[in-house]
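K.L.:
What follows is the residue order along each chain.
2 protein chains.
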Amino acid sequence: MAKGLGSGELRIGIAGLGTVGVGVLRLLTENQVEISARTGGALRVTAVSARDATRDRGVDLSVLAFEADAAALAARDDVDVLVEVIGGTSGAGADAVMAALRAGKAVVTANKALVAERGAELAALVAEHGGALYFEAAVAGGIPAIKGLREGLAANRVKSVAGILNGTCNFILTKMRAERRAFDDVLAEAQALGYAEADPSFDIDGVDAAHKLAILSAVAFGGVPDFGAIDLRGIRDVTLEDIEMAAEFDFSLKLLGVAKPRVGGPGVRQYVAPVMVPLDNPIASVEDSFNAVVVQADPVDEIMMRGRGAGEGPTASAVVADIIDFARGINPPLFGHSTPVAASGAASGEGAAEERRFWRLLVDDRPGVIAEVSQVLSEQGLSVEKILQTDADGSRAHIFILTHAAPRSIADKVASALDGLSCMVEQPAVYSIED
Amino acid sequence: MAKGLGSGELRIGIAGLGTVGVGVLRLLTENQVEISARTGGALRVTAVSARDATRDRGVDLSVLAFEADAAALAARDDVDVLVEVIGGTSGAGADAVMAALRAGKAVVTANKALVAERGAELAALVAEHGGALYFEAAVAGGIPAIKGLREGLAANRVKSVAGILNGTCNFILTKMRAERRAFDDVLAEAQALGYAEADPSFDIDGVDAAHKLAILSAVAFGGVPDFGAIDLRGIRDVTLEDIEMAAEFDFSLKLLGVAKPRVGGPGVRQYVAPVMVPLDNPIASVEDSFNAVVVQADPVDEIMMRGRGAGEGPTASAVVADIIDFARGINPPLFGHSTPVAASGAASGEGAAEERRFWRLLVDDRPGVIAEVSQVLSEQGLSVEKILQTDADGSRAHIFILTHAAPRSIADKVASALDGLSCMVEQPAVYSIED
Chain V
1 MAKGLGSGEL RIGIAGLGTV GVGVLRLLTE NQVEISARTG GALRVTAVSA
51 RDATRDRGVD LSVLAFEADA AALAARDDVD VLVEVIGGTS GAGADAVMAA
101 LRAGKAVVTA NKALVAERGA ELAALVAEHG GALYFEAAVA GGIPAIKGLR
151 EGLAANRVKS VAGILNGTCN FILTKMRAER RAFDDVLAEA QALGYAEADP
201 SFDIDGVDAA HKLAILSAVA FGGVPDFGAI DLRGIRDVTL EDIEMAAEFD
251 FSLKLLGVAK PRVGGPGVRQ YVAPVMVPLD NPIASVEDSF NAVVVQADPV
301 DEIMMRGRGA GEGPTASAVV ADIIDFARGI NPPLFGHSTP VAASGAASGE
351 GAAEERRFWR LLVDDRPGVI AEVSQVLSEQ GLSVEKILQT DADGSRAHIF
401 ILTHAAPRSI ADKVASALDG LSCMVEQPAV YSIED
Chain Z
1 MAKGLGSGEL RIGIAGLGTV GVGVLRLLTE NQVEISARTG GALRVTAVSA
51 RDATRDRGVD LSVLAFEADA AALAARDDVD VLVEVIGGTS GAGADAVMAA
101 LRAGKAVVTA NKALVAERGA ELAALVAEHG GALYFEAAVA GGIPAIKGLR
151 EGLAANRVKS VAGILNGTCN FILTKMRAER RAFDDVLAEA QALGYAEADP
201 SFDIDGVDAA HKLAILSAVA FGGVPDFGAI DLRGIRDVTL EDIEMAAEFD
251 FSLKLLGVAK PRVGGPGVRQ YVAPVMVPLD NPIASVEDSF NAVVVQADPV
301 DEIMMRGRGA GEGPTASAVV ADIIDFARGI NPPLFGHSTP VAASGAASGE
351 GAAEERRFWR LLVDDRPGVI AEVSQVLSEQ GLSVEKILQT DADGSRAHIF
401 ILTHAAPRSI ADKVASALDG LSCMVEQPAV YSIED
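Residue numbers (the working numbering), protein chains in the order written: chain V, 1 to 435; chain Z, 1 to 435.
Hints should not be assumed to be uniformly reliable.
[What the hints assert, rightly or not] Chain V stretches covered by chain Z per the calculated footprint, using a threshold of three residues with CB under 8 Å from any CB of chain Z:
#1 18-31
#2 142-148
#3 291-302
#4 328-338
#5 376-387
[To be verified] Computed beta-carbon distance windows for the label pairs:
#6 Z/Asp435 <-> V/Arg236: 34 to 40 Å
#7 Z/Ser90 <-> V/Gly104: 46 to 52 Å
#8 Z/Asp56 <-> V/Pro266: 58 to 64 Å
#9 V/Ala192 <-> Z/Lys159: 31 to 37 Å
#10 Z/Val59 <-> V/Pro266: 53 to 59 Å
#11 V/Glu179 <-> Z/Asp435: 46 to 52 Å
#12 V/Lys413 <-> Z/Ala182: 53 to 59 Å
Treat the hints as calculated values from the structure; they're not laboratory data.
Think of the CB as a built atom: it goes at the ideal place given N, C-alpha and C, for glycine as much as any other residue.
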């Protein structure tokens, strides 16, 4: 069994010397006095692993052992805790994590893909070999979202977890609104500045947010992360009009990851999607690259945690907090539950959940169009809270509609009925309202 | 040494059956399934203590042992954990806590006055007898502020902790602004509705916020709570004009508790005061009775936690989270530090800290007044960022001034020089800007 700071010194091996790995090294040195006072002993990095041993990273590696192979690092006798900041569901990082867990060691990882997609395997290894796994840094960077939920709200029955979990997307949406620019334009700038990757799909299609959501959901509701069950929709199709009309309707358009118990059935509904958040919800005003997690739970009501979701400092803060947990002998049940309480729910779809929705239609601008659209809604029993028509480009018009709460089945019927109208130029865009 | 859930069952005694005590009882029953899954065992209340054994509290006490004396409850063999929700720095609650700690037991308390004012004694008892003390519920109700700071941000060097720590004051300030009403008027309504006590001084003079701040400060900076070192100023003298002018100058007026390292000296500066918060600071939009804690730290940058700071549910959530910590074997160093890092600083005053400030002057409305006032500021080297004069009541005028960052010593000289002007009707009111 992994045991914490038994000998008065904890020996750490760091697999991966990118931004986060170097950040961890730097943090352990710079805040050494505070960290020792808080653990009652020393945390010492003994060995590191990286692809390139010689590259200058601005930190002194000369006193540290170097392993070209991360799994060999994990196996070293002078490594009590493996810090894995390589990433990926397979390859060097994953191999090192598995090797350390098989050796019954403690692992601290920032690898959200691995924990989200192979969480069950990791849990089995921890259970079999008596090691420990910490993953605060995998979710929402510097925000102590895992500890806040798993320890801080441990007495609660969670009703929903919702988060702005991808800083790149929040940055893009904020900039579109603030500078009245189109998605492609802002994305290109973000890529030029290095805020978004050359291949941005991991961020903007919601995969990164979904990895974090799967982990949060497991901690909130029990079980292991169920990444495959997440409904995924990114921000590629969000238009400037959507964002501006959101404000007109007293909403803020955010890419959220949401998990909540499925209405009328077992399991948990998990989705990542751009949704409309009412302006009086505190998450609506979380801008730029900030992340936030909002938990609705009984009996605590609503808790929001807000902070930086990425970057060297915030991520290193979370990694080292996990090392300190281990040093202090803090080792809560993996994913927060000693025994499972509810299946994470393999089915997808919105089920019977009733939601308000926001619709954007592009139609031919001719008399009677609003009447045609309204009749479709009325025939399907979907009632309108607010409707607004604007000129799109002379011959075409946008119709924006806020509809009252209704189940997905009705919304689907309305969508396909609208699609059959001759005035419709393109398929309607529909956003959930996160009330 | 207190040991957690050794036998598979943890036996709890609750001292105090007011709102919070009943809330804890109810929560342990209602969320029993979740809580067992998260601890791997049962949490069972075996005994309770209250002044009146017979009053109907809406919960079934018939299977529980009853002790009239809380200290006797603490001493019972079938009580592993004492939950103390009586309150007070002396009397039944304090006696029970001391008795349990002397017996080497675990104590979970919501008693902020006791922890803030007698923290050193409690720490000595824990160290001597090997018990454990948990106090999440003593600070900011349902917000996991202690765990967030002590575990979540354990790797950081804290630069400041600032919080909206008293819901009654935040409610009053919010209502004054929203309904354009005077302080006395809103306070009277809050008392009539039961939101504020008949003797409201504990809340509105900042004592309650200061108790919480002393605890937060100890966890953030090391040492034990130093309640006596806190500069205290409540909201009695806040006028509607101050609140409205705050908005005019892009600030929100909030009662904050703030702790930060003293500039240019050892120790920590702690104060509770109504201060001006820039509107782009996320704490500025925390309204009504919500609480929030903002931590500025290296390397995590800024973390905000927001939620309900009082009430049966949120407080019970924090109490039971602490019981679960103990059940899981989680017992971090008391106040977060195994060894002290910095004296908490007995001196008071703002020292050399440079701050922007907001001034409200009431002056005779005659020509040349602004020039007189400006000259005083200029002579003392205090430069003006913005100045605004409004009519107060025909013969008198208000002058509101935002001054650039300057040390307290200069602000004090300006205040006394202004006081010497014949046009001044009353002493100037000065607010710090929390940049």
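K.L.:
Take the hints in turn and mark each one as holding or not.
P.N.:
Hint check:
1. Check on the segment 18-31 of chain V: 4 of its residues sit with their Cβ under 8 Å from a Cβ of chain Z, so the three-residue criterion for coverage holds.
2. Given as covered by chain Z, the segment 142-148 of chain V passes the check, having 5 residues with a CB less than 8 Å from a CB of that chain where 3 are the minimum.
3. Using a Cβ-Cβ cut-off of 8 Å, 6 residues of the segment 291-302 of chain V lie near chain Z, which meets the minimum of three, so the contact claim holds.
4. With 9 residues bearing a CB less than 8 Å from a CB of chain Z, the segment 328-338 of chain V meets the requirement of three and the coverage assertion stands.
5. Given as covered by chain Z, the segment 376-387 of chain V fails the check, having 0 residues with a CB less than 8 Å from a CB of that chain where 3 are the minimum.
6. Taken as a hint, the range 34 to 40 Å holds for the pair aspartate 435 of chain Z and arginine 236 of chain V, whose Cβ atoms sit roughly 38 Å apart.
7. For the pair serine 90 of chain Z and glycine 104 of chain V, the beta carbons lie near 49 Å from each other, so the given range of 46 to 52 Å is met.
8. About 37 Å separates the C-beta atoms of aspartate 56 of chain Z and proline 266 of chain V, a value inconsistent with the hinted range of 58 to 64 Å.
9. Between alanine 192 of chain V and lysine 159 of chain Z the Cβ separation comes to about 33 Å, which falls inside the hinted range of 31 to 37 Å.
10. Between valine 59 of chain Z and proline 266 of chain V the beta carbons are some 30 Å apart, a value that contradicts the proposed interval 53 to 59 Å.
11. Glutamate 179 of chain V and aspartate 435 of chain Z have their C-beta atoms about 26 Å apart, which leaves the hinted 46 to 52 Å range violated.
12. In this structure the supplied range 53 to 59 Å holds for lysine 413 of chain V paired with alanine 182 of chain Z, their Cβ-Cβ distance being about 55 Å.
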